[in-house]
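**Q** Numbering (my numbering), first residue to last: 1 to 253.
All clues given are correct.
What follows is a list of derived Cβ distance ranges for each label pair:
(1) Asp243 - Ser96: 20 to 26 Å
(2) Ala175 - Gly88: 21 to 27 Å
(3) Thr97 - Asp177: 25 to 31 Å
Keep in mind the hints are simulated off the structure, nothing from the lab. Small disclaimer: the values here were computed from a predicted structure and weren't measured. No residue lacks a Cβ here, since even glycine has one placed at the ideal position from N, Cα and C.
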Amino acid sequence: MLLRKTALALALATAAVLTITTPAAAAPAPAPAAAANPVIVVGGLSGVAVAYEPIAARLRADGYRTFIYQLPGLGLGDIPASARAFAGFVDQVRASTGASTVDVVAHSEGGLVSRYYLKRLGGTATIGRYVSLGTPQYGTYVANIVAFLGLGSCAGVVACQQMTIGSAFLADLNAGDDTPGAVRYTTIRTLQDELVRPTGNAAVNDGATNVLIQAYCPLRVVGHLGLVLDGTAYTIVRGALVDGPVRPNCVAL
1 MLLRKTALAL ALATAAVLTI TTPAAAAPAP APAAAANPVI VVGGLSGVAV AYEPIAARLR
61 ADGYRTFIYQ LPGLGLGDIP ASARAFAGFV DQVRASTGAS TVDVVAHSEG GLVSRYYLKR
121 LGGTATIGRY VSLGTPQYGT YVANIVAFLG LGSCAGVVAC QQMTIGSAFL ADLNAGDDTP
181 GAVRYTTIRT LQDELVRPTG NAAVNDGATN VLIQAYCPLR VVGHLGLVLD GTAYTIVRGA
241 LVDGPVRPNC VAL
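Let the sequences and hints guide you as you build the complete structure.
**A** Here it is in structure tokens:
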């Protein structure tokens with residue numbers, strides 16, 4: 001009898017532990033419904049499409065219809081011209097998927113191209129969510145960009161000139177509301193960004209959700225190019241695409 005009671009007590013204790021600990025385990029996020037917006041990954045300066053396959057693959061694995069947009073001329077030319085070309089790509093994606101709106105995950109210069117489309121080309125009618133990764137929303141010290149990418153000086157590189165702090169392009173883009181329309185805006189930045197200096201310039205105003213990775217994960221080291229590869233950054237992207245709270249997974253691969 002004593003043995004039976006002991007065995008029963010152990011069984012009940014084990015069940016209680018399992019009941020307590022199982023919900024705390026991180027469950028994989030459910031794949032989005034088929035009706036979720038398609039996602040366009042917008043590349044940055046000198047970013048070839050294949051460089052964005054890692055983040056595109058993560059999105060596809062989570063169930064998103066995902067497309068990659070490589071900037072015309074690898075983003076070296078006029079940003080408004082790139083935005084006009086991007087507008088055509090958005091229309092193509094909407095036509096091919098039957099979706100009325102798409103979401104955008106944009107890296108570096110791609111975030112400026114997308115924002116220009118939203119603010120100056122009527123894009124707020126076709127974009128549901130805007131997520132930027134290391135975008136110099138308010139400019140950067142151009143010497144960092146050109147030195148890092150091996151482009152020499154800004155002479156002749158129009159986009160480089162336009163991303164200079166205080167440029168006429170940025171003055172126009174940042175005049176008035178940073179976040180027009182009903183679009184949900186999220187910016188993601190990292191303290192180790194080699195190209196966006198100061199790193200605070202990767203944030204926008206007027207109601208956007210601005211996420212500094214190290215504010216949640218102080219030991220996480222993520223560079224500018226690493227933003228499209230890093231697991232923690234992706235958990236922020238994934239949360240933004242479902243309008244979830246900012247809860248980065250600091251140990252995500």
